[in-house]
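S.K.: Which chain is which? The protein sequence lines are A, B and C, in order.
According to the numbering used here, the first sequence is numbered sequentially starting from 39.
According to the numbering used here, the second sequence is numbered sequentially starting from 39.
According to the numbering used here, the third sequence is numbered sequentially starting from 39.
A hint or two may mislead.
As the list makes no split between identical chains, a pair holds if one copy fits it or if it spans any two.
Said to hold, decoys possible - Keeping only pairs whose Cα atoms sit at most 20 Å apart, straight-line, the calculated EDC-like set for lysine to aspartate or glutamate is:
1) Lys-369 x Glu-438
2) Lys-158 x Asp-379
3) Lys-369 x Glu-225
4) Lys-369 x Asp-379
Read the hints as simulated data drawn from the structure, not as lab findings.
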Amino acid sequence: MSHPASSNPSDNTKVVTRNGDTSAVGEEMLQLIHDLFPICRSITGSGVRESLEIIKRHLALEVREVPSGTRIFDWIVPKEWNIREAYVKDLTGRKIIDFQKSNLHVLNYSIPVCAKVSLKDLKEHLYTVPEQPDLIPYRTSYYKDNWGFCLSHNQFLTLQESEYDVFIDSSLQDGHLTYGEYFLKGETDSEVLISTHICHPSLANDNLSGIALAVFLARHLNQHSPRYSYRFLFTPGTIGSITWLSLNEAQTARIKHGLVLACVGDSGKITYKKSRRGDAEIDRAVIQVLKDTGAPYEVFDFSPYGYDERQFCSPGFNLPVGCFMRTPHGKFPEYHTSADDLELVRPESLTDSFAKCWAILDVLERNKTYFNLSPKCEPQLGRRGLYSQIGGQKDGKLQEFAMLWVLNLSDGKHSLLDIAERSNLVFALIHNAAQRLIEHGLLNEAAEPTRTEDFGA
Amino acid sequence: MSHPASSNPSDNTKVVTRNGDTSAVGEEMLQLIHDLFPICRSITGSGVRESLEIIKRHLALEVREVPSGTRIFDWIVPKEWNIREAYVKDLTGRKIIDFQKSNLHVLNYSIPVCAKVSLKDLKEHLYTVPEQPDLIPYRTSYYKDNWGFCLSHNQFLTLQESEYDVFIDSSLQDGHLTYGEYFLKGETDSEVLISTHICHPSLANDNLSGIALAVFLARHLNQHSPRYSYRFLFTPGTIGSITWLSLNEAQTARIKHGLVLACVGDSGKITYKKSRRGDAEIDRAVIQVLKDTGAPYEVFDFSPYGYDERQFCSPGFNLPVGCFMRTPHGKFPEYHTSADDLELVRPESLTDSFAKCWAILDVLERNKTYFNLSPKCEPQLGRRGLYSQIGGQKDGKLQEFAMLWVLNLSDGKHSLLDIAERSNLVFALIHNAAQRLIEHGLLNEAAEPTRTEDFGA
Amino acid sequence: MSHPASSNPSDNTKVVTRNGDTSAVGEEMLQLIHDLFPICRSITGSGVRESLEIIKRHLALEVREVPSGTRIFDWIVPKEWNIREAYVKDLTGRKIIDFQKSNLHVLNYSIPVCAKVSLKDLKEHLYTVPEQPDLIPYRTSYYKDNWGFCLSHNQFLTLQESEYDVFIDSSLQDGHLTYGEYFLKGETDSEVLISTHICHPSLANDNLSGIALAVFLARHLNQHSPRYSYRFLFTPGTIGSITWLSLNEAQTARIKHGLVLACVGDSGKITYKKSRRGDAEIDRAVIQVLKDTGAPYEVFDFSPYGYDERQFCSPGFNLPVGCFMRTPHGKFPEYHTSADDLELVRPESLTDSFAKCWAILDVLERNKTYFNLSPKCEPQLGRRGLYSQIGGQKDGKLQEFAMLWVLNLSDGKHSLLDIAERSNLVFALIHNAAQRLIEHGLLNEAAEPTRTEDFGA
């Protein structure tokens with residue numbers, strides 16, 4: 039069988055894109071982010087469709103449409119929202135707030151409006167962030183009919199007592215919820231789920247970066263023949279994952295591991311939020327990779343707020359899905375403002391996020407449980423050229439240590455990930471040792487792989 | 039059903055007495071301590087009866103009498119001790135040690151004596167604390183016939199070579215062991231046990247404070263209709279709890295939680311000693327309350343010395359009973375000396391001990407296990423007015439977080455206390471969230487409540 | 039029954055040798071080390087036989103001979119190696135490297151050679167430690183035909199471009215692998231295994247110290263009637279323990295506890311490496327003893343490199359065998375060099391190693407599980423003279439605490455070692471308390487002793 043990683047398994051955090059240039063993947067991801075940035079996305083509507091069309095240039099995903107009014111668990115697929123134009127004009131006819139300048143200016147899902155209003159009435163529909171007076175906030179009102187504009191607090195303070203023309207040329211009517219799905223069949227039916235939200239308008243880190251990462255992981259997997267099947271979801275946040283889970287409930291039993299991707303382009307360190315189970319294989323694989331790379335990182339326990347892991351980890355599903363981020367939502371000052379722009383997203387951060395995600399998938403792919411075929415005492419490694427022929431030296435070799443660890447713990451009850459954790463050696467070294475032992479007939483894959491699983495508390 | 043706590047559950051560490059004055063409860067407790075202080079109590083005799091009569095003015099407890107000679111497990115109810123007068127006179131006829139001045143002066147359970155003795159012989163019956171030369175120690179000899187006097191070491195050093203008249207007008211004869219019991223029937227037969235020792239003579243913190251706390255908790259519970267039944271024991275230390283356990287062995291299966299109360303009036307921080315099980319619900323409820331209040335506190339593991347938890351936690355019972363104290367026995371310098379007087383006990387400390395105990399009972403009362411009735415994905419809280427209608431804001435609200443936690447963990451396997459622990463939110467917030475979810479039909483009490491129980495190791 | 043420890047169990051780290059002199063045991067051990075030091079040992083050959091003969095003067099062990107070519111699991115017993123003479127001569131005929139001066143000079147298991155070689159060719163057969171330029175390293179080539187000399191790096195640097203006569207008068211031919219075994223039958227068939235390697239030439243700490251410790255432990259046990267049977271193995275490293283395990287596979291089920299002894303004579307603190315199980319009774323007994331003594335110590339988790347615990351803890355056996363050392367292999371600068379000489383080994387360290395090992399065996403011997411025969415409430419200890427008759431004192435006595443702990447936890451599920459761990463009292467105190475309680479009919483040995491066992495993960 040073939041692995042999704044490079045042929046040198048000790049090198050599994052280095053990623054080589056098709057053209058062989060490691061750093062290029064970040065630049066390619068950034069280009070996709072640039073292409074998607076101008077579009078006014080929401081949880082439904084043409085912005086989502088347009089975005090999925092752009093993604094399709096890179097990845098042959100399937101676009102699904104679910105009609106408004108469809109019951110999905112406790113929710114109903116909402117009406118479809120589309121918008122063409124929106125502004126506030128002062129008495130001179132000057133557009134002082136204009137959707138054309140930034141799609142953040144409109145309260146997302148605003149109902150249509152065309153009225154002349156006093157400043158006082160207008161203010162009830164204006165949203166600002168006083169603590170960040172230069173920035174336009176991003177605000178939504180998906181599930182309550184409302185209209186509004188978002189603007190910088192500094193501009194807000196300049197508004198004069200006067201009358202204003204407000205105009206929002208939007209529509210909210212029966213239509214569809216649209217999402218993208220890409221499935222790559224692997225050797226087995228067991229699935230790895232990669233999910234990312236696609237509902238945010240012109241915000242780069244949250245979450246065009248996540249979209250780009252998912253696209254390029256899928257593209258890269260396409261060049262391999264992975265053991266697992268992989269399912270990529272590009273859905274509007276919350277309502278999209280609820281829709282998918284509702285339509286694919288039976289399917290979820292196949293999901294063995296999963297990651298939600300979000301905010302992966304900023305310059306912060308990697309942050310991982312564990313699945314509700316807390317020690318699912320995905321949680322341990324992520325931590326192993328982050329530890330192995332040596333770079334700073336942070337790991338949080340699960341909590342039921344954040345991104346779509348909220349749905350995947352709801353008690354009725356409790357799927358082993360964690361959330362892979364750089365700086366988490368709400369923790370970078372640009373979060374949900376006009377400052378989350380193309381400047382915030384760095385190609386080297388995108389490359390690093392890609393490399394680490396790839397290394398995580400690599401651990402999942404390679405993590406198997408073996409039987410030591412010579413379990414009584416050590417086998418004679420020296421005879422097989424696997425062990426130093428000169429005895430008595432002070433320092434053994436890491437490769438020898440790794441082989442001894444694999445032999446010692448391969449009793450059918452410890453996966454390679456277990457062994458890496460217990461030995462405190464990097465996963466690639468452990469995996470490499472296992473490969474050499476397999477080649478020499480000393481190790482056999484456990485017939486019934488007893489992958490470490492914990493169904494949480 | 040009605041709860042013992044105030045109607046505002048987020049306010050469960052504030053206690054309101056009948057007259058509505060929070061601080062008054064400490065003053066009322068202190069008044070009871072004043073009334074009880076002068077009496078010479080012991081493990082049997084009229085001092086205990088007199089004390090229980092005073093308590094009866096506040097609480098309609100039942101007084102039980104168990105005859106001397108009754109076999110109670112490995113013990114036998116001892117003879118009843120009573121004392122009227124005791125002194126040591128010098129040759130001039132002056133009473134140099136006088137029971138009338140302090141009932142600590144007599145070795146508790148002294149046999150009667152009337153003799154003229156040399157200083158040398160007298161000294162074999164004198165007890166002092168050289169390290170605290172001004173204080174009269176409290177000493178007992180319940181189970182070995184002996185007589186003696188306790189006095190300050192400074193006075194001891196002034197005793198001249200001479201002859202002394204010693205006189206103890208006590209009696210030690212068949213009679214009864216006396217204890218008080220108060221039972222409040224709740225909705226269920228499951229019981230909470232509150233036990234306190236009543237055998238110490240004029241010592242205020244140890245343990246008139248514990249008696250006062252038990253009395254006022256019982257009075258306060260009387261004004262509510264609690265879920266649990268509550269049993270309050272006012273027994274002589276060791277022999278009293280052994281007697282009760284011996285006479286009520288079958289009964290003990292109903293005890294789901296328990297607290298021994300002692301030394302709750304000094305100005306030290308709260309100290310909790312866990313039950314033998316170590317993570318019984320009572321242990322976790324106490325720690326949750328102490329954590330929620332934000333004030334300093336200390337928690338110790340169980341050890342088989344201390345107060346009556348020694349008996350409740352003996353291996354043949356292993357009841358989930360911890361010990362709630364301020365400064366523990368032996369750790370405050372006034373312990374078991376004449377300095378453990380009415381000055382040591384502070385009304386604000388008594389109030390605080392009451393408030394925290396009440397909050398603990400409140401957690402026990404409210405701690406239930408629920409099922410999320412919409413366990414697949416989150417239910418749509420916004421539709422029900424339970425969630426902010428404007429999306430995209432950086433900071434969620436604690437109430438929303440609490441509801442999401444309750445929904446996420448209410449799988450029939452996590453109690454509200456489990457959820458408070460895991461979410462790191464205060465119990466009252468979690469409970470309040472559960473109430474709101476119940477009101478909106480999103481949560482149901484688990485039919486067979488699976489309260490977290492650990493039967494220890 | 040009789041215990042291997044001295045009659046005063048609270049004194050179980052003090053050891054008295056036959057002549058009653060505690061310190062003498064270290065001197066006696068050192069004398070044995072002196073006697074063994076000059077011999078050129080290897081994994082086979084006359085050096086091992088000669089060494090076992092010297093040990094036999096102290097301990098009536100049995101010498102076993104296993105023929106070359108015998109299949110032992112994945113290995114084959116190698117040819118027997120013997121050596122008489124070896125040197126390198128320069129052109130002047132001077133022996134510049136001479137086996138007679140140090141048996142470390144010859145690469146252990148060198149094949150015979152008699153040749154004139156250039157400096158360049160010679161250098162391919164020379165072994166030095168550049169970082170320790172004064173020392174001769176110890177090197178071996180057991181499983182690959184090779185010849186070589188070890189010398190100080192300083193001498194190596196002085197070698198001139200020239201021709202050299204090399205001569206090794208060794209033989210490598212069918213013969214035997216030789217090892218020693220000493221078995222002491224105890225009350226039960228359950229065994230404690232003590233294993234030590236005997237294959238190193240003139241190296242004192244590694245591992246003549248381990249040999250001496252094993253010999254004197256065995257001698258000392260001979261003076262007692264232990265509960266366990268004891269098996270002492272004196273085997274060549276790796277191949278010897280593999281041979282023994284192969285020949286005695288069925289036997290291994292009897293091994294309940296085991297220690298590998300190595301490097302126990304240097305002046306470093308005690309280091310213990312846990313068994314693969316990690317919390318076997320031997321692991322906990324060692325840690326308890328080290329904690330009780332109050333001296334600094336270090337405990338490491340198991341890893342599959344080190345001494346013969348590698349074989350005993352291979353997954354097919356997974357025996358509860360840890361490794362008892364002072365400074366571990368590779369961690370003292372003299373390790374595997376000519377500086378590991380008789381100066382490195384200190385009699386007081388040997389005495390201390392002996393005392394602590396003895397205390398460990400003592401804990402194993404005494405660690406039983408009991409039932410409190412009066413489990414409901416405390417029994418009345420005072421009546422039996424086991425408890426202070428004067429009550430009210432601030433400080434209890436350690437003996438009383440120990441009895442209360444033993445009573446509280448003796449529910450048939452906690453061994454004395456469990457109780458010592460949980461109470462934080464020294465094992466001897468707990469054991470002594472148990473003895474007193476047995477004497478007073480308050481404790482009974484659990485019929486089916488449920489010794490805490492963990493079969494690891």
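S.K.: None of the hints should be skipped; say for each whether it holds.
M.R.: Cross-check of the supplied hints:
{"no.": "1", "hint": "Lys-369 x Glu-438", "result": "between (44 Å within a copy, 19 Å between copies)"}
{"no.": "2", "hint": "Lys-158 x Asp-379", "result": "neither (31 Å within a copy, 67 Å between copies)"}
{"no.": "3", "hint": "Lys-369 x Glu-225", "result": "neither (39 Å within a copy, 48 Å between copies)"}
{"no.": "4", "hint": "Lys-369 x Asp-379", "result": "within (16 Å within a copy, 55 Å between copies)"}
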